[in-house]
Structure formats: C-alpha cells, structure tokens
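J.: So you can see what is in the structure, the chains are spelled out below.
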Amino acid sequence: MDNELKELYQQVILDHNKSPRNYGKPENYNHFAEGYNPLCGDHVDVYIKVENGIVEDVRFEGSGCAISKSSASLMTSIVKGKKVEEAEKLFDNFHDLVTGKLDDEAVISEMGKLAVFQGVRDFPARVKCASLPWHTMKSALHDEATKITSEP
Amino acid sequence: MNNIKANNNKTDNLRTVITDTSGYDVKRIRKDFPILHTTVHGKPLVYFDNAATTHKPLAVIEKTRKYYEETNSNIHRGVHFLSQKATNEYEEVREKVRGFINAKSHKEIIFTRGATEAINLVASTFGRMNIGEGDEIIISHMEHHSNIVPWQMLAEEKNAIVKVIPINDHGELEMDKLPGLITDRTKLVSIVHVSNSLGTVNPVKEIIDLAHSKGIPVLVDGSQSIQHLKIDVRALDCEFFVFSGHKLYGPTGIGVLYGKEDILDSMPPYQGGGDMIAAVSFERTIYNELPFKFEAGTPNIVGTIGLGTAIDYITSVGIEKIAAYEKQLCDYGAEKFAPIPKFRPIGTAKDKVSVFSFILAGIHPHDIGTILDFEGIAIRTGHHCTQPVMKRFNIPATARVSLAMYNTKEEIDHFVHAINKVFEVFS
Ligand SMILES: Cc1ncc(COP(=O)(O)O)c(C=O)c1O
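For the record, the sequence lines run as chains V and Y.
Quick note on our numbering: the first sequence kicks off at 176 and runs consecutively.
Quick note on our numbering: the second sequence kicks off at 710 and runs consecutively.
There could be a bad hint or two in this list.
[Said to hold, decoys possible] Dumping the calculated EDC-like pairs for lysine to aspartate or glutamate here, alpha-carbon to alpha-carbon at most 16 Å:
hint	chain 1	residue 1	chain 2	residue 2
1	Y	1130	V	179
2	Y	923	Y	946
3	Y	752	V	179
[Stated by the list, open to error] Calculated from the model, a selection of chain Y residues having no Cβ within reach of chain V, i.e. all distances over 10 Å:
hint	residue
4	775
5	864
6	915
7	990
8	1043
9	1076
Since the hints were derived computationally from the structure, they do not count as laboratory data.
Just so it is clear, CB atoms sit at the ideal spot from N, CA and C, and this is done for glycine as well.
This is chain Y alone, in the form it adopts within the complex (with noise of 0.2 Å):
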C-alpha cells in the first residue's frame, strides 16, 4: 500500500482537554428533548443508556416531519421541483459532515445504515481486494462485535489472520505490545476510537501514527467518539473512520463511512444498483464516480436530513462545550459511585470518557437493571456486544451507565439513591 505516508511529525496531542463550560446550559438544553420529560413506571425517565442510542432533539423531530411535509422526493434523479429541493438537502448533509469531521473532500463522506455497515463496506471491498492468504489484521480486545465478526469472515473467506491487541486490567490497551504485532503481513489496522463497555479513549494518534511508519492503513470505529470528543480525520490521519448517527442525537439507520479519496476511488463498488452507476448496458456498467458509487440504491434520505439537523444541533451546542460538560458529569460520577457498597467499576482508564460499567457483588447485573427500571432509571446490561471484553475480565456481564450531553448531576444522585433499592431486595 504505497498511497500510506509516514507522519514524521511528533504525535501531537489531540485530546487537549477543555474544561471550560462557561454558557453552557443543561436545562436550556433537556428542553429541546421531549422524551425527557416523560415518565416510566410513574417515575420520570433517567436515561442513562446513551451509549446504545441517543434521543433525539425536537428540531430533529420536527425537520424529518417537515421533509416529509414539504420536501418528500427521490434524489438524484428527477428534475421537478421537489427531487431537487430533496437531493440538494440531503447533499447539503454531505457537506455538513465533511465539515463536522475535517474531511478534505464531499467525495469522502459515504452515506450507510450505521457504522457497522461503513465497516462491512471495507471488509468486503478494500478488504477484499488488499487482503489475501497469510495477510493479517490488527483489532483490539475492546473492540465491539462490528469490528470482530467482520474481519473474521474476511479471515475465513482469504486464510488471512486475526490479531489482537491485549489489554490490561483497568481496560487499557496494551501499546507496548503492538510493535511486536505488526509484520510484513499486515494489511489494516482496524480499532475502537472510545470503547462502549469501558469508555477507554484509546491513544488513536499514536497507533496510526505507527501503522503508517509501515505503510499500513487504519480504520478506526469513531461510534463513541463522535459524540464526545472533537474530530479532525485529517489531524487523525486515519485511512477510514465510520460511525453512526443515531448515537449522535440523530435518528437510526443512517450512518457514516469516511475515507481518503484516493483509497476510496482505487476500491471496487460495494453493493450494485441505481445511483452507483454512470451508464449501464448488458456488455458493460461504468460506475459513478464517488461518493455515488459506494451508495447503491435510494438511500435513507430522511434519516440523513435528520442527522445534518443533529449536526447542527451540536454545532450550535459547541462539541468542545459538550466534552467539558461531560467531563465534568463523569468526575462527578466516579466520586459518587465508587463509595456504593460492594461496587466494583470495570474499565478504569485514565483516559475516559463518561461510561460506567460496573458490578455488585453477588447481585446479577439483569437484576440491578430491572429494579432501576422501576426507580425510572435506564441503564443498559449485558456484555454490550463485547463479549470478549467480559471474559477478560472474567465475569459474563456488566451494568453500565453512559452519560451524554442532557445528564445531570442531580440524574447521579438519583442513580447512587436508587441503587439502596437494589440492596432492599437483594438483602
């Protein structure tokens, strides 16, 4: 892979936490989400489960009713009024992204149905083409199921080879230990940016950085990150970079691959069909050109307006306003959840940002969720797709609190007091 340059530059420290929250104003902002306000159980909802999805703020809301209202067409492919108002919207997201995420170019921004599609879509075009018997790829042990299952069939259909970056007991990964991994087989490098059980913020820099001092691409899962940190892909440098709207307060099924152009343009299409192509005819088809080729078929265009709304919603917000909020939620919280009896946090990186998982002795954490449940408090257990994450540190399941930009303070303390019922009935 020639196109890969080594950055001779000193890693440059892109997680300069800022801590300043001046203007930022939770209560203002929990009114613009009107699921919020509502009860469960009679209690009113804690939602504390945001690393699995987001909600969704009323100008979301209201901009899909009104696509629907005003705008509903197909894109790309009609000249009256509405198909043009309608593709010149969903092109305006495009841009919008591109924006949000530093990218060079629209041509890099491909539209999916999440990030698990975005990484499907380089396993089984980049991956196919570059990747052969005996190549090998690098993952994580705290990577979710999406960016395991993926390579591994890729693995199985080429012979190639799996590894796995090891990690430590508070969650970390083991850097020391990924020189020795890379060989001259190495084709890609594909790790979680955040993880969603342990809310590690891995060094991404530092390992793209070193991955290209061998001319080795990485992909990196941005699906926890997006939401909570500042990104710049060209400052990252990173080959791919995939996450998924409805984790960043935008609504479901719609998602993002970002890749460098030139790779992008050097791989074969990933599905078939309408907009991918330029001319058809039974001989011969020539593709589009990009993004187009990559985004086969009518897309979910009023899902991708939906996000362009999210976008911004956080821009307005201020991304870095939102990461020194949420900083400040999760000092907060590790100082009010590590006093709770017989807890005991699972992921304690030094680097985090607000997920919390955790067990209490001898109460199953299926248990802990229900009770809260009925206190109005949603919080996600399991092994949150990351199964081997729970046998490394051997347990088969955790509770897990994750924060976003709507959480409050006073949210904790309900959580820490609703936690005395789980050892009510659990006495």
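This is chain V alone, in the form it adopts within the complex (with noise of 0.2 Å):
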C-alpha cells in the first residue's frame, strides 16, 4: 500500500471502524446534536450527560466512511471522564491536527491514540469526515443547533 495511505488507514482507525466504541443511543443524556455532511451524507448523533462539569457519558449513532466512523469511536473513548474544558481543549487540538495546524510533538503526543488522525491533513477532501463527530460533539456541548455541518 502506498505510504501517505497507511497513514491515512492506519490500523487503529480500521479496527475502530470495523468495530466502533460506544456506539448507539444511550438512555441517559442530557446534550444531544445532529451532525451532517451534506457533501457526502456521512450523518452522526453524539449523545453526551454532563455532570457536575464532567463528561461522564458520551455515545454516537449514525453512518459514515471509515474515518468519520473511527472518528467518533476514538473520540468518545477519549472524551469520556474528561472535563467539558478539556473536551472543548482537546477539540481545537483536534481541528488544527488534521488541517495541519498543529506541530507541536508534545501537544500531539499528549493526545495519545488521536495521533493517529494526523495523515488527514494529506487529504483535504476528508479533513470534513474527521471533525464532523467532533463539531458534533462541541454543539452537543454548548446544545447549539439539533443540527450541523462540519466546516473545516
């Protein structure tokens, strides 16, 4: 397989699309949004309860390709237990990792498996794919809009 490819499939982001964490809707929340790409239809809910400042649960539903999919499974994994400012934090890190904002090893590296995501910065057409759960997620948070586009 051709190098920048691995780095876009790597096998973290196969195995969370193959079999996505925290999937499916959870019968206790209290933020909700509804992301949607009209570019390509990838479509996403993120489910969040918030307490006492603090992510305790966060789950999403919907249908994707294999990196808005990961995305949102890795996503969740990592959000949870973390306070909403640091989930807010780790959003921004997010966004300038794929879009090829951020260089900073030690920023990176302290996001751990997210890492993973930085070869999206080599394909500006699925830049949209990665960050669609995470605008999701932050509307959810601030339960902006039922529903929203992720702009990159």
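Take the two lone chains and join them into the complex the hints point to.
T.: Written as structure tokens, this is what we have:
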C-alpha cells in the first residue's frame, strides 16, 4: 500500500471502523446534537451526559465512511471522563491536527491515540469526515443547534 | 398553452441503437486529450468521472488561446475589425449548436452559464409568467438538484405544486404513474433525459407526446444525453432542451438553452442590461429580438467559441460512432463489474448509458474513492446532486464510474484490479 494511504488508514482507524466503541443511543443523556455533511451524506448523532462539569458518558450513532466512524469512536473513548473544558480543548487540538496546523510534537503526543488522524491533513477532501463528530460533540456540549454541518 | 400541439403520429423510436464502430480509433482519440497522458500519485490517470465534467481536446485548448491571441474583443458593439471578427466567431457557434441539435432557427439557441442557469432562466421567465397558484409542475424522482430546486423556489413563490414521477428498483421511471399525475392544472413537465447518478435513459419522446396530448409543454434536461446520444430537438418536439458545454468536451461556464421560437418570443426577459435591449430611455426600454433578449451583458465569449470547437471535434468523430463505442464499453463494464465481491449496482435500467453507480457492502464510497485515487483512478463518490435518488435506494451515497469517448477496456480492467486494493485495506 502507498505510504500516504497507510498513514490515512492506520490499523487503529480500521479497527475502530470495524468495531466502533460507544455506539448506540444511551438511555440517559442531557446533551445532544445531530451532525450532517451534505457533501457526502455522512450523518452522526452525538449523545452526552454531563454532570458537575464532567463528561460522564458520550455515545454516537450514524452512518459514514471509515474516517468519520473511527473518529467518532475514538473521540467518545477519549473524551469520556474528561472535564467539559478539556473536551473543548481537545476539539481545538484535533481540528488543528487534521488541518495541518499543529506541529508541536509534545501536544500531539499528549493527544494519545487521536494522533493517528494526523494523516488526514494530506487528504483535504477527508478533513470534514474526521472533524464531523467533533463539531457535533462541541455543538452538543453547547446544545447549540440540533443539526450542524462540519466546516473544516 | 394553446401553442402546444399534440403529435398524433405513433411515437417513433429515437433510440435505434447503432453498433457500428468501424473506423473508431480510441488510441488516436486519446492522443487528442493532453490530460489523459498525465499521472496522479505516480500512476497513469484513469479518468472515470466524466459525468461530472469531461476533459478537453487539444483543439479546444488551442482555440481558446488563439482567440485571446488573435481575436479578443467585445461582441455586438464595435465597428472595428476585431470586434467584427469576435462577433462572427461567436455567432457561428450559435449556428453550429443549432445544427448539432437540429433546431429550426439560430434564434432558438440561447447561451447561458450552463444547464443550471438555463433551467433557472425558464423557471423565472416562462415559469413566473405561466405558473400560478394551485398550478402543477411535474418532475421525476431522479432529477439533478438543478431540476428540482428552481421549481421548488417557483412553487413557493406562486403557491404552486411540484409533483414527482416515481422510479422503480431498477432506477427506471414508473411510466404507468405519469397519466395519473397529469391534471388540468399541470403547466409544465421538466424531465431529465439521462440520469447522472443512475445512467437511465428516459423515454422522453413518450413523455413529450403524452404531455402534448394534454397541451403541456416539456423541458428536457440533456446534461447527460448531449454527449452520449444523437439529439434532434425537432424530432423530440420538446419546448425546451438544456445542456452544459463542459460535459460535452467544451469549456466550463457555457451552456445552452434551446427553446421553441414562439415560446421564447412570448417570454419576458431574464436579466436586464446591455445587449438585450434595442433602445433604452428612462421612460421605456425596448427589448432586443431573439436570441439576444436573453443574453444580457458581455457573455462568455471564449467559452462559447471553445464550445464550438468541441462540437466540431465531436462531429468529426461522429456522435453516432461515439455512442456505438460507448455502448461496447458499457456492456464490457457491466460484465466485468458484476463478479466483483460485495458489488451492488445502483441503477440497472434496461436502457442505460455508461454510468455505473455502485456500493460495496460494508465499505463507504468515500473510502473507495480515496483508495482508487491512489491507483490513479478518478471516480465520483457521494450523492451526485441527486439526494432523492439516494433516499429512494436507502443509501447515503454511491461510488460512480462514468465513461466517455476516450475511455478503454484496459482502463476498466485496471479498475477491476484496483478494487482489490480496497478489499486489502478493509479486509
Ligand atoms: C442531469 C444533470 N442536470 C443538470 C446538471 C447541472 O449542470 P451544471 O452544473 O453544468 O449547470 C448536471 C451536472 O451535474 C446533471 O448531471
């Protein structure tokens, strides 16, 4: 496989695509948003339970490509248990990572598994796929709109 | 609409499929398209996104350059040599387009920005004038968004109704439903000739005859038929026919609205400005005659001239030969694609052109598109501006291979081979 392609479809991504974590609508949640990418039809619902400023639970549902599905899966795994402000900080870092604006190796390594999405920066057409779940999560945290679209 | 005449002749079969490809030399044709000899990600380009736009032959590219080097001037407004020359070249293309689609008069050929603008032009002039509260417009379930949204906008403005001809599981129109949709409030049928996401060739002649028997005018969206089929607007007898130049091996930003002269004459202008007037005073403006009434402002002169060269190129190869060759490619593709594991074609109409929409079970079209891109293969993935079609088949998107006159069986083989890479990644 081509190297760049390998960078994009890393094993972690393929694994989360195959068996997404935190998939399915939970019984209890107090924040919700629906994300939609009109360009490709990708669709993701994000459900969050916030208590005392902590993301107690976060789950998703929807349909999309391997990048958007694994991104949602990894996002939910990593954000769970974090403070709301930390989740928002991660959003900013993730956004910078996939758009190629983040070079600080220390920050990248702090992001843990999320670093696997660095390869996306070489695929401008796929940035929206990776960022859609994050935009949706942010919107859910703010309970902004019920339906949002991802702009990189 | 009393100027719509019923055609009592039996619907003649305009789809006599010609299979003679003698003299068709695809290798020679490929030499005429410089971009086909470039590489993508280090691999030779295999361009399978022709329904989105086609590539341009060298003749079109050179003509564009030559125009700027030797002719460049504004048209219809100068006595000087270059302006005359530019005007002549521009108007010659109108005549070429007329001949290409067999319109009666050059006055029936209006240059627009593309098919989209042509449809919008009809909606905002003919539509505003003839469609009122409670009136109905019939479209189909397989329309491109550009033949849905202008009618919805008009319907909203006028409190009119948009009705939809349904499609079956093969992606064919359910023609038996059409008579039931037509009422005495139906003011227009606007229908796609060939679907860009399914490849279906619709029985437009039958639709036109049926509509005319009730005095209803018909617009045919020929965006995907003009490059694959011989078009004869007089044999079709449609009131309007629209297409874009860039899907016909010509430049972007230029398209055509064909309209029957008496109907165009009865329509108010689309935009106001220079060129579309005969005389202007602050009291009153007299509009110019056809076709200039609908071409306000400095048009896309170089695009028009490029389109003329594209038509010359197609004519020199022969649209019927192209159709016959593409039919062979289409049959070959259907045969080669069918055994691909997990392959599900979307759009399996009996009458099809070389557009193959498909999904691979469990693998999203976006991922297929990205992986094939690394093999040098350009395909389209997504909803192809036909979201209602995606909904009808209960899928978010498809991957689409759309072929053109310069594609080859070898490229199809390469594609089938490259699909294995997709399975490798998603094993
Ligand atoms: C069937 C059909 N109609 C209309 C259009 C719109 O053409 P354009 O964007 O060139 O105006 C397209 C192009 O995608 C098409 O395929």
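J.: Against this structure, judge whether each hint is valid.
T.: Now the hints, each set against the structure:
1. 1130(Y) with 179(V): 14 Å, holds
2. 923(Y) with 946(Y): 14 Å, holds
3. 752(Y) with 179(V): 14 Å, holds
4. 775: 35 Å, holds
5. 864: At roughly 22 Å from the nearest Cβ of chain V, residue 864(Y) sits farther out than 10 Å, so the non-interface label holds.
6. 915: Non-interface label on residue 915(Y) holds, nearest chain V Cβ at 32 Å vs cutoff 10 Å.
7. 990: 47 Å, holds
8. 1043: 25 Å, holds
9. 1076: Non-interface label fails for residue 1076(Y): nearest chain V Cβ at 5 Å, not farther than 10 Å.
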